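Chains as they are written, first to last, in the numbering used here: chain A, 1 to 366; chain B, 1 to 99.
Don't read these hints as lab results, they were simulated from the structure. A portion of the hints provided could be inaccurate.
[Stated by the list, open to error] Residues of chain A clear of chain B, computed beta-carbon distances all greater than 12 Å:
| # | residue |
| --- | --- |
| 1 | Arg-41 |
| 2 | Ser-78 |
| 3 | Gly-99 |
| 4 | Val-129 |
| 5 | Ile-293 |
| 6 | Leu-297 |
| 7 | Thr-298 |
| 8 | Leu-321 |
| 9 | Phe-331 |
| 10 | Ala-344 |
| 11 | Ile-360 |
[As the list claims (entries may be wrong)] Quick list of in silico lysine to aspartate or glutamate cross-link-like pairs, DMTMM-like style, CA-CA up to 20 Å:
| # | chain 1 | residue 1 | chain 2 | residue 2 |
| --- | --- | --- | --- | --- |
| 12 | A | Lys-339 | B | Glu-60 |
| 13 | B | Lys-25 | A | Asp-142 |
| 14 | B | Lys-25 | A | Glu-192 |
This one's a predicted model, so the numbers in the text were calculated from it and none came from an experiment. Virtual Cβ for every residue (Gly too), placed ideally from N, Cα, C.
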Amino acid sequence: MLPENKGDNPVMPVTRPRSNQRFVIDIMEIPEGPVPVVDSRLTRVDHLGTIKIRLGLNRMGYLIDPGLYALGRPDSHSPVLVSANYKLSFDYLRSALTGRSAWLLVLDTKGVNVWCAAGKGTFGTAELVARVASSRLADYVDHRTLIVPQLGAPGIAAHHVRRQSGFSVVYGPVEAMDLPAFMDSGNRATPEMRRKTFALKDRAVLIGVELSAVIKYGFPLCLAMFFLAGLGWSGNLWSNMVFHGTLAVTAFIASILAGAVVTPLLLPWLPGRAFSMKGLSVGLALAALHGAIWLSLTAARTNHLEIGGWMLSGSALAAFLAMNFTGASTFTSLSGVKKEMHFALPLEIVGALIGLVMIIAARFAA
Amino acid sequence: MIYLRNVVSLELDRDKCTSCGACLKVCPHNVLARNGDFVQIVNRDACIECGACAMNCESEAIRVQSGVGCAAAVLNVMIGRTSTPCCGSLDESCTISCC
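Build out the structure end to end from the sequences listed, making use of the hints.
Encoded structure:
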């Protein structure tokens, strides 16, 4: 049911997404206005966009117009599926629905995925109710059911949506790919469909984004370290830069690999519950490996205090980077993260500082 | 995978709960389960405080301090970059209009 026009609360005008977006293949004319048609097949452009997003590129602009889309040739009995206007979310949804017709109601989440947007409230009750009204959904579907992704539930109060829009919210599965099975069994989810897992492949696809964020700050830092590491030693400045700079940069890269790549991949098998603890163990292991290799190659010239300092700083950095992976993971709570940071952050800072002091002190002990 | 133990702020008020089961459908970690006529917290440490259960509880029987379990977000608040915990660039696709 649409809200009644009470003078001061005018019926919202019908707004439609633009038809000139690249993934729109047709326009469907209905009395309430043209609806852009999309299909379930993703093109090369869509796949390229996904790869770029996973590498941390173009993350600010990967959004589509909110509003109503038609998948295939929906009619008044077709299901209505709700999504976010993050293109990746939209692509997951439509590509899961091969050979089906449905109405896709896209909420304006400012280009953020369903789960994160629900946590922020942009994928929320108010936006859903407003979008139902502005799309005039009630005028051309004869059922009153909205299939909302389960991970949208932190932002949606189903009972409020029903009262305010007349539509019942049915929570669909966590993963869009389970939608066909869910819909074919009469909108019923199995317990497995309701659970959010964090498998190896889920963790692996996040590494690109983790690394791109680290590299943004890490690359200039590497350059700076290369030059600074050579200062203060006796002998030829350039030769010192090459020697100590290479040690610094390789130690730094080893800790980034430990914290942002190896820890996410090995997450379930690493000791401890706190992410920083897991990162510390990988950081220490890689730092020891790095130190051993360095010593075996350059035993005569290497300063043990300097190597020890890099091991300590590097492990602290690995622990910090691993701790940052809590945000990308699917099983951490805010209370837990605050508790972890309370003990881990001071230790990481102190560890890194002591390591730096050792590295600097090595010049005078040499 | 289970994160830290005994930290989660989730509370269920038995007296207010009507056992409708709405919370069971939205929880992504099987934290709640029906036990006879009641809904119970059966897996507290698995709770990620997303707030979906409380949001969808018509009788307001569930309370949880919901938020995002993201260190970058907490850090951003600590150093004063933002006033509310939200995701930083390290959180998947949470950058836009966030921090």
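We went through each hint and held it up to the structure:
Listed as a non-interface residue, Arg-41 (chain A) keeps its Cβ farther than 12 Å from every Cβ of chain B; the least gap is roughly 23 Å. Non-interface call for Ser-78 (chain A) relative to chain B: holds, since the shortest CB-CB distance, roughly 23 Å, exceeds 12 Å. At the 12 Å boundary, the C-beta of Gly-99 (chain A) stays outside the reach of chain B, the nearest C-beta of that chain being 27 Å off. Distance to chain B confirms Val-129 (chain A) as a non-interface residue, since its nearest Cβ pair spans about 14 Å, more than 12 Å.
Under the 12 Å C-beta cut-off, the non-interface status given to Ile-293 (chain A) relative to chain B holds; the minimum distance is some 29 Å. For Leu-297 (chain A), the requirement that its beta carbon stay farther than 12 Å from each beta carbon of chain B is met, with the minimum near 34 Å. Taking the minimum C-beta to C-beta distance to chain B, about 35 Å, the non-interface status of Thr-298 (chain A) holds against the 12 Å cut. With a least beta-carbon separation of about 9 Å from chain B, Leu-321 (chain A) fails to lie farther than 12 Å from that chain, contradicting its non-interface assignment.
Non-interface status of Phe-331 (chain A) relative to chain B is broken: a Cβ of that chain comes within 12 Å, the nearest being about 5 Å off. A Cβ of chain B approaches the Cβ of Ala-344 (chain A) within 12 Å, the least distance being about 9 Å, so the stated non-interface status is violated. Even its closest Cβ contact with chain B, about 25 Å, leaves Ile-360 (chain A) beyond 12 Å, as expected for a residue assigned away from the interface. With a C-alpha separation of about 27 Å, the suggested pairing of Lys-339 (chain A) with Glu-60 (chain B) is violated against the 20 Å cut-off.
At roughly 25 Å between alpha-carbon atoms, Lys-25 (chain B) and Asp-142 (chain A) are farther apart than 20 Å, so this suggested pair is violated. Between Lys-25 (chain B) and Glu-192 (chain A), the direct Cα distance comes to roughly 11 Å. Compliance with the 20 Å bound is thereby established for this hinted pair.
Hint check: violations occur at hints 8, 9, 10, 12 and 13; the rest are consistent with the structure.
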